[in-house]
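Engineer: Sequence:
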Amino acid sequence: MAFIEQENTLKPACELSEAIRTMTTVVSDVELFDSPLIERNGDATQEKLKKGRPLLDPGHIHVKNAAAESVFELLLNIFREHLAEKSGDWERLERGVRGGGILVRELLEATLQHRWDVLQTWAGAFSIDIDALQFFSIYLARPFRQEAAQHLWDETQTAFWQEGYCPVCGHSPVFGRLIGSPGHRQLWCCCCNTFWSFPRIACPFCKNQSQDQLGYLTVNESTSYRIYVCDKCKRYLKTRVCAEESSKKDTWDYDRDYFSTVALDSIALREGYIAEPVWLAHGERAACQ
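When the letters of the sequence shown are read in order and numbered with my numbering, they come out as residues 10 to 298.
Treat the hints as calculated values from the structure; they're not laboratory data. One thing to keep in mind: the hints can contain errors.
Simulated crosslink set (DSS-like; lysine-lysine; CA at most 27 Å straight-line) [stated by the list, open to error]:
#1 Lys216 with Lys57
#2 Lys216 with Lys243
#3 Lys73 with Lys20
#4 Lys241 with Lys59
#5 Lys243 with Lys20
#6 Lys60 with Lys241
#7 Lys216 with Lys241
#8 Lys241 with Lys20
Note that the coordinates shown come from a computational prediction; the quantities given were computed from them, not determined experimentally.
Based on the sequences and whatever the hints tell you, model everything.
Structural biologist: Structure, rendered in structure tokens:
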């Protein structure tokens with residue numbers, strides 16, 4: 010089934026994505042953690058992956074206060090410029106922080122530890138849209154999770170991971186790529202910027218492999234984007250179709266594709282499919298079902 014994409018969001022998406030990349034580069038030289046991260050450990054890591062357990066233990070992450078505040082300031086400026094439609098929320102968030110009602114390090118660690126009740130409390134207290142605050146907090150935590158991912162995960166471990174959720178932080182994918190023919194499939198987690206392989210004919214959310222319940226919606230027929238859907242769990246995944254693998258695999262700009270395809274979310278929702286919450290980790294999703 011084909012649809013017409015209704016928004017041209019490529020230019021602002023590229024600008025937002027580039028700003029986030031620049032922020033990540035800026036903070037890459039900053040010491041982010043109070044204690045060293047646990048490195049990959051051969052057999053133990055493989056065993057953990059085989060059991061479907063994400064590698065990152067939120068309880069072992071202790072961030073530096075100065076690093077948290079530095080990333081907060083950078084991200085706030087980015088969102089003010091590139092997500093101006095939410096300017097009121099960013100102003101209220103800043104007032105909460107400047108007035109001492111919202112502690113940046115606690116906001117960050119609550120996000121890393123999936124304590125969403127903390128964000129809900131602050132959203133209510135300072136009249137901040139909860140979706141905006143959660144989205145901000147996910148990208149606030151991104152440099153920290155990404156740094157951890159670089160210590161814990163590499164592509165050689167792909168064979169040991171068979172799950173649809175992120176092998177590093179346990180969050181659901183928000184975007185995918187089909188590469189070449191017949192189509193090697195990659196999933197991407199925006200929370201830690203990790204990508205991993207997953208079977209082409211399977212739902213990453215419920216593992217359904219029944220072909221009569223799996224399909225995709227296309228946009229404009231000739232576009233390279235699809236919306237893969239599952240009629241069992243009613244989830245969907247936006248996906249880029251690539252003719253061949255880039256020679257620079259690690260530099261694919263998933264953020265750009267994710268931000269520029271907001272119109273695809275509207276199409277999927279209109280067709281009765283459900284957006285998996287970005288902030289929901291695997292264990293939390295299971296508990297909610």
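Engineer: Determine for every hint whether it applies to the structure shown.
Structural biologist: How the hints compare with the structure:
no.	hint	result
1	Lys216 with Lys57	holds (19 Å)
2	Lys216 with Lys243	holds (12 Å)
3	Lys73 with Lys20	violated (34 Å)
4	Lys241 with Lys59	holds (25 Å)
5	Lys243 with Lys20	violated (31 Å)
6	Lys60 with Lys241	holds (24 Å)
7	Lys216 with Lys241	holds (10 Å)
8	Lys241 with Lys20	violated (35 Å)
Checked against the numbered hints listed earlier, the structure breaks hints 3, 5 and 8; every other hint is satisfied.
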